[in-house]
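> These are the residues of each chain, in order.
Number of protein chains: 2
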Amino acid sequence: MEPLFELPLRLPTRGSHQVLRALHQQLRAAIVDGRLQPGLRLPSTRALASTHGVSRNTAVAAYDLLLSEGYVSIKRGSGCYVAEVLSRRGAAKVAVGKSPGGKSAEGNPTAPPPTAGAPRVGTDPRVHSFWRNRQARRAAPVPDSLRYRFRCGLPDTSTFPYDIWRRLSNRAMRSLTHPDVSRDPQGLPALREAIAKHVSVSRAVACRPDDVLVTSGAQQAFDLLARVLASGRQTLVAVENPSYPPMRAVFEAVGAKLAPVPVDNDGMLVDQLPSQARIVCVTPSHQFPLGSAMSMPRRMALLEFARKNAAVVIEDDYDCEFRYDGRPLEALQTIDRHESVFYVGTFSKTMFPEVRLGFIVAPPWALEALIAAKQDADLISPFINQHALAAFIAEGHLARHIRKMRSVYSQRRRRLIEGLQRDFSHWLTPVPSFAGLHVAALLPGDAEEIVERARELGVGIGAVGRYCLGKPIQGLVFGYGVISERSIVDGLARLRQLR
Amino acid sequence: MEPLFELPLRLPTRGSHQVLRALHQQLRAAIVDGRLQPGLRLPSTRALASTHGVSRNTAVAAYDLLLSEGYVSIKRGSGCYVAEVLSRRGAAKVAVGKSPGGKSAEGNPTAPPPTAGAPRVGTDPRVHSFWRNRQARRAAPVPDSLRYRFRCGLPDTSTFPYDIWRRLSNRAMRSLTHPDVSRDPQGLPALREAIAKHVSVSRAVACRPDDVLVTSGAQQAFDLLARVLASGRQTLVAVENPSYPPMRAVFEAVGAKLAPVPVDNDGMLVDQLPSQARIVCVTPSHQFPLGSAMSMPRRMALLEFARKNAAVVIEDDYDCEFRYDGRPLEALQTIDRHESVFYVGTFSKTMFPEVRLGFIVAPPWALEALIAAKQDADLISPFINQHALAAFIAEGHLARHIRKMRSVYSQRRRRLIEGLQRDFSHWLTPVPSFAGLHVAALLPGDAEEIVERARELGVGIGAVGRYCLGKPIQGLVFGYGVISERSIVDGLARLRQLR
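Listed in order, the protein sequences are those of chains B and C. Residues in the first sequence are numbered consecutively from -1, following our numbering. Residues in the second sequence are numbered consecutively from -1, following our numbering.
By construction, these hints were calculated from the structure, which means they are not laboratory data. Bear in mind that the values here come from a model prediction, so they are computed numbers and not experimental data. Just so you know, not all the hints are guaranteed correct.
You can't tell identical chains apart in this list, so a pair holds if it fits in one copy or across any two.
Stated by the list, open to error - Derived SDA-like pairs: lysine to any residue, alpha-carbon spacing no greater than 25 Å straight-line:
(1) Lys255 <-> Ser127
(2) Lys255 <-> Arg130
(3) Lys73 <-> Ser198
(4) Lys306 <-> Arg124
(5) Lys255 <-> Arg231
Could you build all of it, start to finish, from the sequences and the hints given here?
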C-alpha cells in the first residue's frame, strides 16, 4: 500500500540530469521546511516515477542523494522515510541549495500526517529524550552507475596478508581451550606490550604496556573517554570544525556541550579555544577531513592551554602511519610534559576495519577509571582478535604491511595530487597534507552541487560540509584508500567535465 | 622499597588456619574502619610474613581473600593496594566478620599517609566524579591450593567443537576480502536471522530478524539499554536483590537510582516494586544468583505492573538454554502483549565467553535508538565472530552443542544436589531451581566465614552476599559449569569437615 503523498513537484520536461537535480532539490526543500515531516514514508520509486512522469532510474538516484545526505532513511523491506535525525541536528539551518531549482519547490504548506506504516522513532516517552530522535547512520546503497569512488576512511585490504591473519587466529583459537585464558579488561597483556612497542617505533609515543587500554575500535575509545572525562552539561568540549561526526556524537550523548574551533593549514586555531573548554579533541597529524598537520607552535600552544586550564587533549591519530613527505611532527603525547594527552589509535586503517581493535594511551591518573568504564561497556574486547593482533605486531607483519601499503598509497596520492594540480587548479585548491588516505580541496562554489553532479558522471566524492558544525566549508574530499591509480586518473578525467 | 606499614596485628601463635583467619579479619577491619586508607600500598607478602612471623603462604592467602572480596586491588608489578572502590560502595557498612578474631584488630587509630607509589585513583578532578573512585573488577588470582573450584558463570568449553568454529571463522575471514562486507550496526543480517530462529525454537521468544540487535556480549546489551532507557536521576531502576553487579553498574553509571526488590523461591516479589520504577531488571528463568524461577502469577503481575506504570522490563535470560526438570516457563517476552519487554541473551554460556556476542530482542519503539547507541558505542560487533556464529547456528552446531552440554551439566547438577541433600541438610537449604549452571543454598550462619574456611580446605565456593545490596543474604553459590562430577563429589566430601 502506498502512503499518502501529494507534494506538488515542478520538474523540467527533459534532460535527465536537470530532472534529477530538480527532483532532489524540491524533495530536500520540502523536508527541510517541514512540508514532508520526519517519519513520513515516501512513495516507492516506482510510484514516484509513474506519478511524476520521470524515469525510475532518476527517482532512485534522487532518493540515493537524499539518503547520502541524511534527509531520508531506509527501513529494511519497508521503504524510504523522512529522517528523524534532522530535527535534532538543526535541519532548519541546512542550506537548501543555491541553484534556481531549489526555489521552485512550492505548494501545499501543510504536510500530510505520518502514516501508520512509519517507524515509531521519536515518539515513545520511555526512550531517553536524547535518544528519542536518534537514528543509526546507515551507509547509503551505492548505485551501480558509480564507477569511480574516492571513498574516504577505508584502507585497501586486497593485499592484506589474510593467510597470516588466519594462521594467527587459529593459533589463538586453540589457546581458548585453556581454562584460564586472560580476561584482563585492560586488554591482553601481550597485545598491550605489542602496541606499546609499535607506537613507540612508529609514532615515538612514549608508553609502557600498562599505559595502554585496548578498545573495541577507536569509536569505543572516544566513547569511554567521553564517559570518564565529561560531566554532562558542565563540560565544554572543543572540537575541530570540521571533524569526525561519530566522535562528536559520544560527547553529545553524555550531555556535553560542543565548541567548534576553526582550522586552517596549520591545524586548529588554538588561540580561538574558549578558556572554559575542558576537553580538546584534535587530529594533529592529519586534520580530519581537511588533511592539514598541526604546526609545532600550535602544538606547543595547545599543550600550554591544557596545562593552564586543567584541560585534557584527545589526540586522534587515525591514519598517521601513512606519512609520505615532510618531516614527521611528533605526537602531542610525545611532547606533553603534564599528563594531559590521551592518544587514540586504531588498526582499522593499517589492517582492516573489521578487526575492531583500537587503543588509548592514557595518563596514569585516568587509567583505572577508563578500565572500569571499559569493563562496564563490554567486559573485554574480543579475545581471538586481540591474541592474533599481538602476534601479528610482534612478528613484524604489521610493520611490513604498513611499509608495503605506504608505497601503494603514496603512488595513488601522487597521481591524485598531480591530477588536481594540473587540471583543476582553476577552481580547486588542495589542502597541503603529508599523511593519511585522503586529500581535501577547497572550492569557491557549492560543494554539494559538485558532489551531486560528479555522481551523475559516475564519480563518488565527499563534501567537507558534511563534517562541519554550522556553516559548511566548501570543499571536496578525495579518498584514495580503495581506488586504483587507473581509476583515479579516469575518475579525474570525468570530473574535468564539471568546469 | 617497602611502603610504611605499622599496623599492630595480634595473631595467634599457632594453627595456620587460625593465623590466616585472624590476619585476614584484622586487615579487613582496618580497611573498613579507615585505619588503612584507600590507595595505601600494603607491604609485600614477604615483608608481611617476616614482620609478623607468619608463613609466606598464609600472607598470600590473606591477601587473596581480601582481593576476592574487593578490599584490596592488585596493580601489575607494583603490589597490593587498599581498594578505592570501597568508599563509593558504602564500605563502612560492610560486616567486619563475626568471629572473635575480628575484635582484636585495635591500635593506631590514625592511618599512615598514602605513599608516593600509590596509584592516583580517586584524586584528579578532571575525571568525572562518578568514575573518580572506580576501579575495574579484576579476577582474584587463584592459589594453587584451591583444588575444587565450584566456579559460577563459566561454561565447560573442553568439548566445544573448536574445530568447527575455526573452519567457520576461516570461511568468514575469506569473505573479508570482499570490498562491501556488511557493516550493519544492528548486526550481520544472517546472524540476526539465525538468532531469531534460535530463540524462537529454544525459548519461544517471538521475534523477527529486524527485532534483534547484536551486541558485544550481554554486558553491552545492559549498557545500551541503560543509555537509551534511563534518564539520569529521574529514573528509578528496580533490580532483584541479589542480582548481577556488572548489570547494576551500567545503570549507576548513567546516574539512575537503584531500587533493590527482594526475591523468594518464586522470583522477584513483584508486589514490592515501587510504583515509580521505570525499568525493572529480572532474571525470571533462573534468578541470579539464587536460581529460583519466577512463577507464572508473578510474571503476569510484572507485565501488568509495566503496562500500568509505563515501565519496561529487562529480561536477562543468561543461562536458560540449560533446563533440566519441570515444565519450562515461557519467557516474559513471549507472553508480553504491550511491547514492554527487552529480552537479553548471550552466547557466553552456550558457547564460550570469549565469543563476546549477545543480543537484545527489542520492541520496535526503542530499536532505532538502541541501534544508534550501539553505533556510538563501537560501530559494529566483530565481523568474523558474527559471521562464524551465524553459520554455527544455522548449520545446527549450536543446538547440538547445547544438547550435549545439557546432559553433561544435568549429571553434575544431580551429583551436586544429591550430595547437598544427603550430607548437608542439617545446615544447608538448596534453593529450588530447574536451569542454569549453578545452585545456591541458604544457611543460618555467616556465609563469608564458610567461604573462607572452605578455601582453607582447598574448595572454592561463592557467597550470595557478594551480589546483595544492603544486608547480605547468607547463602553459598555452587557453580558446576567447569568442575567434573568427580571433583564435585570430592569437593563436597571436604566440605563435610566444616560442620
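> A separate judgement is required for each hint: does it hold in the structure or not?
Evaluation of the provided hints:
Proximity of Lys255 and Ser127 under a CA criterion of 25 Å is satisfied in both settings, with 16 Å inside one chain copy and 18 Å between copies. Taking the shortest Cα distances, Lys255 and Arg130 sit within 25 Å of each other both inside one copy (19 Å) and across copies (21 Å). Proximity of Lys73 to Ser198 under the C-alpha cut-off of 25 Å is restricted to the inter-copy arrangement: shortest distance 23 Å between copies versus 45 Å within a copy. Taking the shortest Cα distances, Lys306 and Arg124 sit within 25 Å of each other only across copies (13 Å), while inside one copy they are farther apart (42 Å).
In the homo-oligomer, the alpha carbons of Lys255 and Arg231 lie at most 25 Å apart both inside one protomer (6 Å) and across protomers (20 Å), since each shortest distance falls under that limit.
The earlier numbered hints are all upheld by this structure, with none contradicted.
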